[in-house]
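Undergrad: Join these two chains into a complex; the hints should help.
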Amino acid sequence: MQKDATSKLTPFVQILLNGLISGSAIALVAVAFQMVYLPTRVFFIGLAGIYSLTPYLLLFAAKAGAPLAVGIPLALAASVFVALACEWLNHARLARKGASDGAHLISSLGIYIVLVQLIAIFWGNDTKSLHIGLDSTVHFSGSVLTGSQLLMACVAAALLLGVLAILRASSIGLRLRALADNPTQFALFGFDVDAHRLIAFAFAGAFAAASSLLTAYDLGFDPYTGLHAVLLAVVAVIIGGRHSFAGPAIGGLLLGLVRAQVVWHLSARWQEAVTSGVLALFLLLRPHGLFGKKTRIEATA
Amino acid sequence: MNYLIHLLIYFDIYVIVALSLNLIVGYCGMLSLAHAAFYAVGGYAYALLALKLGCGFLPAIGIAAVICALLSLAVSLPAWRLKGDFFVLASLAVQALIFSLIYNWSDANAALGTWQNLTNGPFGIPGIPKAEIAGLRFARPTSFIWLATALAVACAFIVWRLKKSPWGRVLVSMREDELAARSLGKNTRLLKVQAIAIASGLVAFAGALYAAHVSYLDPSSASLDESILMLSMVIVGGVGNFRGPIIGALVLIALPELLRFAHLPDAIAANLRLGIYGLLLVLMMHFRPQGLAGEYRLS
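Chains as they are written, first to last, in the numbering used here: chain Y, 1 to 301; chain H, 1 to 299.
Isolated chain H, as found in the complex (with noise of 0.2 angstroms):
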C-alpha cells in the first residue's frame, strides 16, 4: 500500500511538471532543457526557507515560485531573438548554469545556508523538514498524499483556466504564426516572458514537493537526465492540450514500475529504463510525433 502512495505521490508531482513544461512547449512551441533546473531552484528554495528560516509550507512554495518565475526570464529573454535548435541550445545553457550554481555553491568550511555554503555543492541538503499548514504536519506518506493532490489539482485548475482564457487564446496564434500574431498588435515578447515565468512559477511547487517527501535533495534534481525525463513526458504524452501530459506523467512513471516486476538486474534496470526513454522518443516521432494524446505538431 505504501509503495502504491509513493507511486500516487510521484505522479502528483510530474503531473504538475508535464502540465507546467506543456505551457513552454505545447503553447508556446518552444523546446525547453532547463525546466529541471528550476524545479531543482524551487526545491532547494523551499528547503534553506524552512531549515534557515522556519518557513512555513505556504509561504515557502510562494517565495520558491516567484524565485523560479524571476528566474525564468534567463530563459525567456533569449527566447525573443532565438527559435528552434538555438532556443533549446540557449535553455541548455541556463539548465548547465543553475547545475553548475547549484554543485558548486559549496564551502566546506561554512555552515550549510550561509552563503558561503548555500546549497552544499555535490552532497546535497539533508533533514528537510516535512511539509507544515497552520499546525498540521504532513509528515506520513498517507497524509502527504492529499497534500500533494490538492496542490496537483490547484496546478491543473490554473493551467485549464489560463488555457481557457483570452490569453491562452492568443499563446495558441502565437504559436501557430509568431508574425501573424505580432500584426495584430500583440505583444508576443511579453507573451512569451508571462508563459515561461508561469511555467517555471509552477514547477516550483513540485520541486517543493520533492523536497518535502523526500526530505532529502542534491543537485541531480537538476540534471540534464531530469529535464530530458520531463521533455520525454510531454513529447510521449502529446503536447498542446490538456489530457496528453498528464497521459505522459503516468506513462513515463509507470512504465519503469512494471519492468521492476520483469526481475530484472539492479545493475542494468536503471540504465535500461533511460535507454527505453531513448528508444520512445526516437519511435514517437516516427510514428506519433503529436504524442499519444497531443493536438500539435512540433515545429
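Isolated chain Y, as found in the complex (with noise of 0.2 angstroms):
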C-alpha cells in the first residue's frame, strides 16, 4: 500500500522538480528581458543573440587553451559588453532621436538576426555541447537529477534572489525601480538616464548569459537557442505581469511547471502549440498578468 503510493508519487515529484529547474531557467532570462524592458521600454529581442552567443564564446576560449575558471568569466563578460553595445550603438542613439517603440523593436530584431547569422558563419549551424559523456545523477528522496539541473538550480536560485534583494534594498535597485517608474522625472532630478539604461543593459547581458551556459551545459546548442529562449522569457513576462520585477521570476517558474506537465501528459512536441495558447488566454483575459497593475490600454500603448 505504501509502496504504491510512493511510486505513484514520484513520476509526479520528478515532473515538479523538472519543471521548476526548466522554469528557474527561463525565470533567469524573464528576468534579463524585464530589467531592460522596465526602465528604457525597448523590447530587447537583441538579448536572444547575446544568449546564443555565450556559449560559443566559452568554447571558443576554452579550445583556445583556456580553463573553466577563466573561460567562464570571459565569456561572461562578453557577452556584458555586447548587451552594453547594443544599447550604446544602437538603442540610446535612437531614443536620442525620439524613436518611438517599434523603430527601437525591429532595430533589436535586425541585430539578433545579424548576431545570430555571425554566429552561424563562423562556428557552423549544428548543435554543440560543452560537456563529454554522462553526467553524474543525484537522487532526492526517490526522483532523480543530474548535476547539470542541480547547478542549475542552485545558480538559478541565488541570482534571483539576489537581483531581487537588490532592487528592493539597494540604492542602485531604488533607482532602477524609479527610472522604470518615471524617466522624464528621474532625470530632472538630477541623475544621469544615459548611465543607468547601461547598467540596466549590463544586468540584463549578464543574466542571459548565465541561463545560457546553464542551459548549454545540460542541453546542448546552436544559433537558434537564443530566440526561443527569450520568447519564452517574454511569455513569463506577460504571465507574471509586465510591471513589476518580481512577475516575471515567477511567471518563468509557473510556465517551466505548465511545459513539464505537457511533456507528461500530452506529447514533447506541443510544448509550443500550448505555450502559444497559454500566452494567448493571458493577453486575451489577462493581460496585465498575475501580478501586474490594471492599466487602460491607451496609457500603456
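Hints listed in this document are in silico derivations from the structure and should not be mistaken for laboratory results.
Nothing here was measured: the structure is a model prediction, and the numbers come from that model.
Accuracy of the hints is not assured; some may be wrong.
[Unchecked claim] Label-pair restraints from in silico Cβ distances:
#, chain 1, residue 1, chain 2, residue 2, range
1, H, LEU4, Y, HIS131, 25 to 31 angstroms
2, Y, LEU198, H, LEU264, 33 to 39 angstroms
3, H, VAL214, Y, ILE166, 51 to 57 angstroms
4, H, ARG189, Y, ALA187, 34 to 40 angstroms
5, H, ARG260, Y, LEU257, 23 to 29 angstroms
[Claimed, not checked] Examples of chain H residues lying across from chain Y (beta carbon under 8 angstroms, computed):
#, residue
6, LEU31
7, ASP85
8, LEU89
9, ALA90
10, ALA93
11, LEU101
12, ALA108
13, SER173
14, ILE235
15, ILE268
16, LEU274
17, GLY275
18, HIS286
19, ALA293
Think of the CB as a built atom: it goes at the ideal place given N, C-alpha and C, for glycine as much as any other residue.
TA: Okay, structure coming up:
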C-alpha cells in the first residue's frame, strides 16, 4: 500500500522538479528581459543573440586553452560587453532621436539576426555540447536529478534572489525602479539616465548569459536557441505581469511547470502550441498578468 | 532566361505578400509577424484541395483565401485590446501556433491528407498539381509567369481600390488617432478585423501561387524567418503607400541574387543574406525610418 502510493507520487515529484528547474532557466532570462524593458521600454530581442553567443564564446576560450575558471568569466564579460554595445550603438542613439517603440523593436530584431548569422558563419549551424560523457546523477527522495540540473537550480535561485534583493534594498535598485516608474522625472532630479540605462543592459546581458551557459551545459546549444529562450521569457513576463520585476521570475517558474506537465500528459512536440495557447489566453483575459497593475490600453501603448 | 522567369515569378508572389502586409503594417499601424503563417496556410489549403479533391486553381485559391480570412480572427481579435510591442507578441504567438500545427499534424501510419495526417509534418507535401484553369495548364514557368503576373496585378488593383475608397481613408484615420476615429463613431474594431482578414485572404493567393509553382511545400514556409523576411520587405521599402512595398519586394528579391554573382562560398551565402537583412533593418531604423519610399513612420 505504502509502496503503491510512493510509486504513484514519484513521477509527480520528478515532473515537478524538472518543471521547476527548466522554469528557473526561463525565469533568469525573463528577469533579464524585464531589467531592460521596465526602465527603458526597449523590447530587447537582441538579448536572444547574446544568449546564443555566450556558449560559443566559452567554447572558443576552451579551445584556445583557457580553463573553465577563466573561460566562464571571460564569456560572461564578453556577453555583457555585447549587451552594452547594443545600448550604446543602437538603442541610446535611437532614444536620443525620439524614435518610436516600433523602431527599437525592429532594430533589436535586426541585431538579433546579425548576431545569429555571424555565429552560424563562424561556428556552423550544428548543435554543440560543452561536456562529453554522461552527467553525474543525484537521488533526491525517489527522484533523479542530473548534476547540471542541480547546478542550474542552485545558481538560478542565488541569482534570482540576489537581484530581487538588490532591486528592493540597495540604492542602485531604488534608482532603477525610479527610472522604470518615470524616466522624465528621474532625469529632472539630476540622475544620469544614460548611465542607468547602461546598468540595466549590463544586468540583462549577465543574466541571459548565465542562463545560457547553464542550459548549454545541460542540453547543448545551436545558434537558434536564443530566440526560443527569449520568447519563452517574454511569455513569462506576460504571465507574471509586465509592471513588476518579481512577477516575471514567478511567471517563468509557472511556465516551466506547465511545460513539464505537457511533456508528461501529451507529448514534447505540443509544448510550443500549449505555450502559445497560454500566452494567447493571458493576452486576452489578463493582459496585465498575475502580479501587474491594471491599466487602460491607451496608457500602456 | 529560365532563371530570370523564376525570379519574376518570385517577385510577383512577394509583391502580393508585401502589398497585403502593407494593409496591416502601413494602414492599421500594427507590426504583424503572423503573415508567413497565413501564407503557408494558403499554400497548404491549395495543395490539399488540388491534390485530394481535384479542385481547379481558381476555386481552390478562393477557398484558401476564405480559410485564411477566417483564421485571421486569431490575430485581429487580440488587436482589439493590444497595441505596440504586445500586439507583435500576440501575432508571434499565432505564428508559433500555426507553425506548430502544420509541423505536428502528421501520423506516419495514415495517408497524406486524411484527418490523422493532414500536413505530413516536417516531410511536407510533394507532388502538388500545377495550376489549371478551364482546361489550360500552367505547367511550364513560361506560361505560369502570366498567371502569377495576372494575379499580382489583380491583388494590386484590389489594394489600390481599397486605398482610394472611403473605407481606406477611415483606416488611415484610425492609424493616426484611434481614439479620435472612435469618437467620430467609426467602428475601429470591425475595421481592424476587416483589414486583417483582407490582408490574410490576399496572402493566401501568394501562398497558393508558390505551392503551384514549386510543387512542394514544407513547414518552413510558415517559419519565423519567412515572417521576418516579409516584414523586412515592407520596412525596407516603406509602408503607408503603394510603391513602398513593391520597391521593398524588389530590393529584397534582387539583393541575394546580386550576392550570387559575388562568388561567395555556398556554406555561408544563406547566412550572409539573412545577416544583411538584419543589418538593413537596423540601418533603416537609424537613417530612414519611413523606408526607401514610404510615407508613414512606424509608431
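Undergrad: Hint by hint, note whether the structure agrees.
TA: Taking the hints in turn, this is what the structure says about them:
Distance hint check for H:LEU4 and Y:HIS131: the Cβ-Cβ separation is about 51 angstroms, which falls outside the suggested range of 25 to 31 angstroms. The supplied range of 33 to 39 angstroms is met by Y:LEU198 and H:LEU264, whose beta-carbon atoms lie about 36 angstroms from each other. Look at H:VAL214 against Y:ILE166: about 54 angstroms separates their beta carbons, and that is inside 51 to 57 angstroms. In this structure the hint that H:ARG189 and Y:ALA187 lie 34 to 40 angstroms apart at CB holds, the actual value being about 37 angstroms.
Evaluation of the 23 to 29 angstroms hint for H:ARG260 and Y:LEU257 yields a failure: the beta carbon distance comes to about 49 angstroms. For H:LEU31, the shortest C-beta to C-beta distance to chain Y is roughly 6 angstroms, which falls under 8 angstroms, so the interface hint holds. The restraint placing H:ASP85 at the interface with chain Y holds, with a minimum CB-CB distance near 4 angstroms, inside the 8 angstroms limit. The closest approach between the C-beta of H:LEU89 and any C-beta of chain Y is roughly 6 angstroms, which is under the 8 angstroms cut-off, so the hint is satisfied.
Evaluation of the H:ALA90 hint against chain Y yields a held restraint, the C-beta minimum of about 5 angstroms falling below 8 angstroms. For H:ALA93, the interface hint holds, the least distance from its beta-carbon to any beta-carbon of chain Y being 4 angstroms, beneath 8 angstroms. A least Cβ separation of about 7 angstroms between H:LEU101 and chain Y falls short of the 8 angstroms threshold, and the interface hint therefore holds. For H:ALA108, the shortest C-beta to C-beta distance to chain Y is roughly 13 angstroms, which exceeds 8 angstroms, and the interface hint is violated.
Restraint check, H:SER173 versus chain Y: the minimum CB separation of about 17 angstroms is more than 8 angstroms; hint violated. Checking H:ILE235 against chain Y by beta carbon gives a least distance of about 6 angstroms; that is within 8 angstroms, so the hint holds. For H:ILE268, the interface hint holds, the least distance from its beta-carbon to any beta-carbon of chain Y being 5 angstroms, beneath 8 angstroms. Checking H:LEU274 against chain Y: minimum C-beta separation of about 5 angstroms stays under 8 angstroms; hint holds.
A hinted interface residue such as H:GLY275 counts as satisfied when its beta carbon comes closer than 8 angstroms to some beta carbon of chain Y; here the least separation is about 3 angstroms, so the hint holds. Hint status for H:HIS286: holds, given a least beta-carbon distance of 7 angstroms to chain Y, under 8 angstroms. For the restraint placing H:ALA293 at the interface with chain Y, the shortest Cβ-Cβ distance is roughly 17 angstroms, beyond the 8 angstroms limit, so the hint is violated.
In terms of the numbered hints stated before, the structure departs from hints 1, 5, 12, 13, 19, listed from lowest to highest.
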